[in-house]
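For reference, the chains in residue letters:
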Amino acid sequence: MNKEKSLFTNVFAVAFLIIIGFSIYKVAVSKDNGINLLDKNKVENRVAYRYVNKNVLDENSTYKFGGQAEDSAANIVTSIVADYRLFDTTLEVIVLFISIMGFSMVMPKEKELIKPSSSIIKHWSPILIVFMVMTGFYMFINGHLSPGGGFPAGAILSTAVLLGFLSKTKVPSQKTFKYIEALSGILIFLMGIIAYVINGSFFYNFLEGGRIGNILSGGIIPIFYSLVAFKVASELSSVFYDFYQEGEDYELN
Amino acid sequence: MSLTNLFLISSASLIFVGLYGVLTKKNIVRILLSLNIIETGINLLLVAFGYVEGGIAPIITSSESIANLTKMVDPVPQALVLTSIVIGLGTTAFALGLTINYYKNLGTVSISKEEEEKINE
Numbered sequence: 003m004n005k006e007k008s009l010f011t012n013v014f015a016v017a018f019l020i021i022i023g024f025s026i027y028k029v030a031v032s033k034d035n036g037i038n039l040l041d042k043n044k045v046e047n048r049v050a051y052r053y054v055n056k057n058v059l060d061e062n063s064t065y066k067f068g069g070q071a072e073d074s075a076a077n078i079v080t081s082i083v084a085d086y087r088l089f090d091t092t093l094e095v096i097v098l099f100i101s102i103m104g105f106s107m108v109m110p111k112e113k114e115l116i117k118p119s120s121s122i123i124k125h126w127s128p129i130l131i132v133f134m135v136m137t138g139f140y141m142f143i144n145g146h147l148s149p150g151g152g153f154p155a156g157a158i159l160s161t162a163v164l165l166g167f168l169s170k171t172k173v174p175s176q177k178t179f180k181y182i183e184a185l186s187g188i189l190i191f192l193m194g195i196i197a198y199v200i201n202g203s204f205f206y207n208f209l210e211g212g213r214i215g216n217i218l219s220g221g222i223i224p225i226f227y228s229l230v231a232f233k234v235a236s237e238l239s240s241v242f243y244d245f246y247q248e249g250e251d252y253e254l255n
Numbered sequence: 005m006s007l008t009n010l011f012l013i014s015s016a017s018l019i020f021v022g023l024y025g026v027l028t029k030k031n032i033v034r035i036l037l038s039l040n041i042i043e044t045g046i047n048l049l050l051v052a053f054g055y056v057e058g059g060i061a062p063i064i065t066s067s068e069s070i071a072n073l074t075k076m077v078d079p080v081p082q083a084l085v086l087t088s089i090v091i092g093l094g095t096t097a098f099a100l101g102l103t104i105n106y107y108k109n110l111g112t113v114s115i116s117k118e119e120e121e122k123i124n125e
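The listed protein sequences derive, respectively, from chains A and B.
Add 2 to the 1-based position in the first sequence for the numbering used here, that's all there is to it.
Add 4 to the 1-based position in the second sequence for the numbering used here, that's all there is to it.
A couple of the hints might just be wrong.
Said to hold, decoys possible - Incomplete in silico selection of chain B near chain A, CB under 10 Å:
hint : residue
1    : LEU7
2    : VAL26
3    : GLY45
4    : ILE46
5    : LEU48
6    : ILE63
7    : ILE91
8    : LEU93
9    : PHE98
10   : VAL113
11   : SER114
Said to hold, decoys possible - Now the stretches of chain B that chain A is said to cover, found in silico as 3 or more residues with beta-carbon under 8 Å:
hint : stretch
12   : 10-23
13   : 76-83
14   : 103-110
Quick caveat, the hints were computed from the structure, so don't treat them as lab data.
Even for Gly, the Cβ is constructed at its ideal location relative to N, Cα and C.
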């Protein structure tokens, strides 16, 4: 009986998937009005084209590398994430914060003993942590010039914390991370309010951008990304703390 | 077959593999893994929509990249995928926390009916 049931479930699942796949295929190849999934977009409609050709003063101007731009982040993806859609990204940070908060509320608060790590981890982790922290800092400082940014930098920094945690190197306590998180969260919104006071629009890029390719060309993008990196790093570190709480008794089955 | 179509087909197959897992598996951890596979497929789909044949990364690194502007891929889907990855991480952590709670309370990670009856007895 049980096997028949599971066979029926499998057959039903496959049939369901076939129906959904067929409808997606029909939508993809349909020649009706509206957006066709398999159409090739014109280059003029792409954001990259309009981004480089935009100018407030002259419609037909084109920027040169190293020239002055309205908004001079060389990495266009970063420019979208941390400038055009900065409000969106801020709300994304809030969503991450809420999910991590819910996680730490849901997690059972039982303490488990962490097994002592091997001598390889113990001796190599301080060296590795230095390089990881360096990479993390490089990523969020250079987020507007090269691939990277606040979120991957935060992930790298929190991995460094996890390594220090596993090898029992001295790492900041969970309370410190909570303070860092709260402080960076407050500073992000303070930045938006300052921009509102200066220009009249929330999260306006009020710092002057320089030449494309310079380290100081992003305006408020590096500041925003460093705050995001610290916030994400402390949130993920507190996840590790919740998973591995050190205690006296070892009670797992 | 063009590269865009290859991306579309592979993302669709990832989504269907994940859907199959969600519909048939009884283990909560496996269901969460399947949900993550669906998420990967959707991210690949979003990035594939912005792809140009022989495209380059949307980063202005030199004057040549401005000359090859028409070859740049669309950066907006990539920015959206960044958002989606971060939120996927948060929800996965939350779901795993719920799973640990479920295991501590009921002693199982299965959602099948037989297991539930066993617990109630």
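These are the hints, each one checked on the structure:
A hinted interface residue such as LEU7(B) counts as satisfied when its beta carbon comes closer than 10 Å to some beta carbon of chain A; here the least separation is about 12 Å, so the hint is violated. Because the beta carbon of VAL26(B) sits about 9 Å from the nearest beta carbon in chain A, less than 10 Å, this interface hint is met. A distance limit of 10 Å between C-beta atoms decides the matter here; for GLY45(B) the minimum to chain A is near 12 Å, and the interface restraint is violated. At its closest, the beta carbon of ILE46(B) sits 12 Å from a beta carbon of chain A; the interface hint therefore is violated under the 10 Å criterion.
For LEU48(B), the suggested interface contact is broken, since its CB lies about 14 Å from the closest CB of chain A, more than 10 Å. For ILE63(B), the shortest C-beta to C-beta distance to chain A is roughly 5 Å, which falls under 10 Å, so the interface hint holds. The beta carbon of ILE91(B) is positioned within 10 Å of a beta carbon in chain A (closest approach about 5 Å), and the interface hint is therefore held. A hinted interface residue such as LEU93(B) counts as satisfied when its beta carbon comes closer than 10 Å to some beta carbon of chain A; here the least separation is about 7 Å, so the hint holds.
Because the closest C-beta pair between PHE98(B) and chain A is about 5 Å apart, less than 10 Å, the hint holds. The restraint placing VAL113(B) at the interface with chain A is violated, with a minimum CB-CB distance near 14 Å, outside the 10 Å limit. The closest approach between the C-beta of SER114(B) and any C-beta of chain A is roughly 13 Å, which is over the 10 Å cut-off, so the hint fails. Using a Cβ-Cβ cut-off of 8 Å, 4 residues of the stretch 10-23 of chain B lie near chain A, which meets the minimum of three, so the contact claim holds.
Only residues whose beta carbon comes within less than 8 Å of a beta carbon in chain A count, and the stretch 76-83 of chain B has 7; three or more means the coverage holds. Residue count for the stretch 103-110 of chain B with a Cβ under 8 Å from a Cβ of chain A: 3. That meets the three needed, and the coverage hint holds.
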